[in-house]
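Colleague: Listed below, chain by chain, are the residues.
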Amino acid sequence: MELLRFATAGSVDDGKSTLIGRLLYDSKQVFEDQLEAIERSSLARGDEFTNLALLTDGLRAEREQGITIDVAYRYFATPRRKFIIADTPGHTQHTRNMVTGCSTADLVVLLVDARVGPTEQTRRHATVASLLGIRHLVLCINKMDLVEFERTRFEAVRREFEDFAARLEVTDVTCIPMSALEGDNVVDRSSEMKWYDGPSLLHHLEQVHIGSDRNLIDLRFPVQRVVRPIASSELRDYRGYAGEVASGVLEVGDEVMVLPSGFSTTVEAIETADGPRKEAYPPASVVVRLADELDISRGDMLCRPRNRPTSGQDLSAMVCWMADRPLRKGAKLALKHTTRWARALVKDVTYRLDVNTLHRDRSADGLELNDIGRLDLRTTVPLFYDEYRVNRATGSFILVDEATNATVAAGMLLRAND
Amino acid sequence: MTYRLSHLDVLESEAIFIMREVVAEFEKPALLFSGGKDSAVLLRLAVKACWPQRVPFQIVHVDTGHNFPEVLDYRDHQVESLGVHLVVGSVQEDIDRGAIVEHPAPGATRNRLQTFTLLRVIEEGGYDAVLGGGRRDEEKARAKERVFSLRDEFGQWDPRAQRPELWHLYNTRHQSGEHFRVFPLSNWTELDIWQYIERESVPLPEIYFAHEREVFRRGGLLLAVGPYSKPRADHGESAFSATVRYRTVGDMTCTAAVESKATTTGEVIIETAMSRVSERGATRADDRFSEAAMEDRKREGYF
Ligand SMILES: Nc1nc2c(ncn2[C@@H]2O[C@H](COP(=O)(O)OP(=O)(O)O)[C@@H](O)[C@H]2O)c(=O)[nH]1
Chain A
1 MELLRFATAG
11 SVDDGKSTLI
21 GRLLYDSKQV
31 FEDQLEAIER
41 SSLARGDEFT
51 NLALLTDGLR
61 AEREQGITID
71 VAYRYFATPR
81 RKFIIADTPG
91 HTQHTRNMVT
101 GCSTADLVVL
111 LVDARVGPTE
121 QTRRHATVAS
131 LLGIRHLVLC
141 INKMDLVEFE
151 RTRFEAVRRE
161 FEDFAARLEV
171 TDVTCIPMSA
181 LEGDNVVDRS
191 SEMKWYDGPS
201 LLHHLEQVHI
211 GSDRNLIDLR
221 FPVQRVVRPI
231 ASSELRDYRG
241 YAGEVASGVL
251 EVGDEVMVLP
261 SGFSTTVEAI
271 ETADGPRKEA
281 YPPASVVVRL
291 ADELDISRGD
301 MLCRPRNRPT
311 SGQDLSAMVC
321 WMADRPLRKG
331 AKLALKHTTR
341 WARALVKDVT
351 YRLDVNTLHR
361 DRSADGLELN
371 DIGRLDLRTT
381 VPLFYDEYRV
391 NRATGSFILV
401 DEATNATVAA
411 GMLLRAND
Chain B
1 MTYRLSHLDV
11 LESEAIFIMR
21 EVVAEFEKPA
31 LLFSGGKDSA
41 VLLRLAVKAC
51 WPQRVPFQIV
61 HVDTGHNFPE
71 VLDYRDHQVE
81 SLGVHLVVGS
91 VQEDIDRGAI
101 VEHPAPGATR
111 NRLQTFTLLR
121 VIEEGGYDAV
131 LGGGRRDEEK
141 ARAKERVFSL
151 RDEFGQWDPR
161 AQRPELWHLY
171 NTRHQSGEHF
181 RVFPLSNWTE
191 LDIWQYIERE
201 SVPLPEIYFA
211 HEREVFRRGG
221 LLLAVGPYSK
231 PRADHGESAF
241 SATVRYRTVG
251 DMTCTAAVES
261 KATTTGEVII
271 ETAMSRVSER
281 GATRADDRFS
291 EAAMEDRKRE
301 GYF
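Heads up: the sequence lines are chains A and B, in that order.
Oh and the first sequence: position 373 is 373 in my numbering, straight run, nothing missing.
Oh and the second sequence: position 256 is 256 in my numbering, straight run, nothing missing.
So that you can see chain A by itself, here it is in the shape it has in the complex:
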């Protein structure tokens, strides 16, 4: 069975909790005791019906304030696929949650209210999804029951959104008319909207082709650990390199180059606790043994001699700033990229991106909480990286405040001279 990870987003009250509640409920992931608990809560709140939205209410502060604060992860499965939902809260100030949710997602589900159409928030979320390299976007045009399930309204909202999305890099946009409350087009096709001949949301999630989203071309294997079981006598000479295949396909007998040293050697074995393998591809965690004894440590990378990542200390990246304290030029931060830590100096804030208009504000000299912008960085050691657009695993990094240890930014690397 295949795994699909998706993030959900929408403005407050667009019906996201109701939709997720319904997906879980209709796919029989809701247990009786959970249902009883929300029935009790619904009664206590004076709701007229069992409020499926309560299924996803997490923390006490969220229940008290009636809002969602943090990304919550939820799970359900159908006979075809297993799904992981990163449920991201809708408030403007929580762009960082959207970035977090998208960072591990294959697809994003956006909600809009059919009566209102796309809002600033919708555009912001779509932009973030696009920046984070999401290829598949689903726009759920919800509350169709409140516009008499009218086709013209659906088409108008869809056109408006598609006009905006055309400027983004998302290639696959699907729009679905829906009533999350009544279940139309969530799991089953709606009988109220005969004019719609597309799939229900669940059907789309089960069918959408994500296999080719992965990069199987550029071999990148960041070394996570050097394995040398010296304590054990029979394994005294064993030396392997543990890690996760970030991209590409690694095969026994392949010629590989080790960065930063630049030495080439061949793959002698690919092993796991379950035995040797002929090949490994993302996201498999394996141990690699090489024909020659080379000086290799954590943070080094295996690639092919004729297909190497960019190696450099001067980087350009889009970042989302996630800390209360603004980012200023000249800041020094810790940086984690693949399995390598470095220090980074912010040489320049090139521009701040207005995520609603996609305008680049070149007069910006810093980034505030939830801002997205382009930076020039210099690192203490070279990074072996690819453009984020072609390789999410080797194109992403985080920035960490060295005083507080807080994670303060998500970064997506650009081509060196873009």
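For the record, the hints were derived by calculation from the structure and aren't laboratory data.
A virtual CB, placed ideally from N, CA and C, is assigned to each residue, including glycine.
Possibly wrong hints are sitting among the right ones.
Restraint-style ranges between C-beta atoms, simulated for each label pair [stated by the list, open to error]:
hint, chain 1, residue 1, chain 2, residue 2, range
1, B, 203, A, 80, 27 to 37 Å
2, B, 28, A, 261, 24 to 34 Å
3, B, 177, A, 261, 31 to 41 Å
Just a sample of chain A residues kept apart from chain B, beta carbon distances all over 10 Å, derived [unchecked claim]:
hint, residue
4, 26
5, 218
6, 318
7, 362
8, 390
Given the coordinates of chain A, assemble chain B with the ligand onto it according to the supplied hints.
Modeller: Just chain B with the ligand, lined up with the frame of chain A:
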């Protein structure tokens, strides 16, 4: 060739990656082992992550003193066969020396008391990362927990001050005195755990499979008759024999059994897939008190 991994392979690889990050970036990690199915899977994954080395970190068990004897036997057997080092934190000892006070009601649960012992063991052991078997599908507060979850000097969790967790880039930096709880099984569901146990033939304590047991009914739950939990005749409770199994193992006083005929992993998977009651709802008396029970315990430093 599709180059596609199944969902169990993806989950396994992710957990192994997380554990290797722990081994690479922390000085003194430990693994919490309760003898339950999640920790059995966690231990199996630790063996795989460290292979061909032995698991280099200590195994910690917080013993409430109310454990199922089958689970303790199982724990000792696992520890011995893997050659790992076991550290036991005894809740009973902390009660005996007056560090914590047990609720006076007979058979009261020691669930909350475990937090003290757990934090003491972490502090005494000097662990900077503690691997646990928590899953996000277990409970609402857990759904928001990070894979690498920072605890302050008091072991407390502040859900509002969690670090964003992006891609597979885990930020392990911390001040001295703070530690991380790390949850490699975050993205697993109860069904995934069972499917993995079957695929990998992970051994489990016998109480996970259907067996005859003396039980009594309390608050809709089936509790075992044992030295720490007895039916109260004055409350109309009475013992009877039933064919049951456990979906989780923990403190005998608050872990309930479910009626079941499943004697093999395959049969448990079928029952799990068909189950209409959540794992916690079916089996944990402690989480039924309030909607926020788990959140409150977690804030204090619980597992
Ligand atoms: N009429 C109608 N109301 C809906 C629909 N979906 C959600 N709602 C209502 O809209 C309100 C907000 O929904 P909720 O799911 O809490 O929104 P969230 O803030 O996006 O999570 C609630 O009163 C829902 O009952 C729908 O399809 N039709």
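Colleague: If a hint holds in the structure, say so; if it doesn't, say that too.
Modeller: Verification of the supplied hints:
1. Taken as a hint, the range 27 to 37 Å holds for the pair residue 203 of chain B and residue 80 of chain A, whose Cβ atoms sit roughly 32 Å apart.
2. Taken as a hint, the range 24 to 34 Å holds for the pair residue 28 of chain B and residue 261 of chain A, whose Cβ atoms sit roughly 31 Å apart.
3. For the pair residue 177 of chain B and residue 261 of chain A, the supplied restraint of 31 to 41 Å holds, since their beta-carbon distance comes to about 38 Å.
4. Listed as a non-interface residue, residue 26 of chain A keeps its Cβ farther than 10 Å from every Cβ of chain B; the least gap is roughly 15 Å.
5. The claim that residue 218 of chain A lies off the interface holds: its Cβ sits roughly 14 Å from the closest Cβ of chain B, which is beyond the 10 Å cut-off.
6. In this structure residue 318 of chain A is separated from chain B by more than 10 Å, as the shortest Cβ-Cβ distance comes to about 13 Å.
7. A cut-off of 10 Å between C-beta atoms confirms that residue 362 of chain A is not in contact with chain B; the least separation is 27 Å.
8. With a minimum CB-CB distance of about 15 Å to chain B, residue 390 of chain A clears the 10 Å threshold, and the non-interface call stands.
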